[in-house]
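Asks: Sequence:
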Amino acid sequence: MGGGLLLTHSHASLNLKSEFLLEVTHTPLGVLGILIGWARWLELRLPGADARVAGRVWASALAVFGVLLLLYRES
Numbered sequence: 120m121g122g123g124l125l126l127t128h129s130h131a132s133l134n135l136k137s138e139f140l141l142e143v144t145h146t147p148l149g150v151l152g153i154l155i156g157w158a159r160w161l162e163l164r165l166p167g168a169d170a171r172v173a174g175r176v177w178a179s180a181l182a183v184f185g186v187l188l189l190l191y192r193e194s
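Sequence positions in the sequence shown follow the working numbering and run 120 to 194.
None of these hints come from the bench; they were simulated from the model.
Hints should not be assumed to be uniformly reliable.
[Said to hold, decoys possible] Derived CB-CB ranges, DEER-like:
#: 1; residue 1: Leu161; residue 2: Gly185; range: 16 to 24 angstroms
#: 2; residue 1: Arg192; residue 2: Val150; range: 16 to 24 angstroms
#: 3; residue 1: Ala168; residue 2: Asn134; range: 45 to 53 angstroms
#: 4; residue 1: Val186; residue 2: Leu140; range: 18 to 26 angstroms
#: 5; residue 1: Arg192; residue 2: Gly167; range: 39 to 47 angstroms
#: 6; residue 1: Leu163; residue 2: Phe139; range: 32 to 40 angstroms
#: 7; residue 1: Val172; residue 2: Val143; range: 27 to 35 angstroms
#: 8; residue 1: Arg171; residue 2: Gly121; range: 23 to 31 angstroms
Remember, it's a predicted structure, so these values are computed and weren't measured experimentally.
All C-beta atoms in this analysis are idealised placements derived from N, C-alpha and C, irrespective of residue type, glycine included.
Please put together the full structure from these sequences, using the hints given.
Replies: The following block contains the structure:
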C-alpha cells in the first residue's frame, strides 16, 4: 500500500524542477514497494519451489530498497 501511495501522491511546489526531481526519486521506491508486497504475497500463497523464488525476490528487493533509502536525500 505504501508503494502505491509513493507512486500516486504529488508535491505542490512552484519550482517545477524540484518537484520533478522529487517525483523521479519516489518512483523507484514506489515500484520496489509494490514488488516487495506482491512477491511476499506470492511466497505465502504458492507451493514449494515457486514460493522459494518469490521469497528470494522480495528479500532482494527489500535489500535494494534499504540501500536506496540509505542514499536517499529529499531536498
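Asks: Taking the hints in turn, state whether each one holds.
Replies: For each hint, the structure was consulted:
One distance hint, 16 to 24 angstroms for the beta-carbon pair Leu161 and Gly185, holds here, with the actual separation near 21 angstroms. The supplied range of 16 to 24 angstroms is met by Arg192 and Val150, whose beta-carbon atoms lie about 19 angstroms from each other. Taking 45 to 53 angstroms as the suggested C-beta distance range, the pair Ala168 and Asn134 conforms, at roughly 50 angstroms. Distance hint check for Val186 and Leu140: the Cβ-Cβ separation is about 19 angstroms, which falls inside the suggested range of 18 to 26 angstroms.
In this structure the supplied range 39 to 47 angstroms holds for Arg192 paired with Gly167, their Cβ-Cβ distance being about 42 angstroms. Under the hint 32 to 40 angstroms, the C-beta atoms of Leu163 and Phe139, about 37 angstroms apart, fit the expected range. The supplied range of 27 to 35 angstroms is met by Val172 and Val143, whose beta-carbon atoms lie about 30 angstroms from each other. At about 25 angstroms, the CB distance of Arg171 to Gly121 agrees with the hint of 23 to 31 angstroms.
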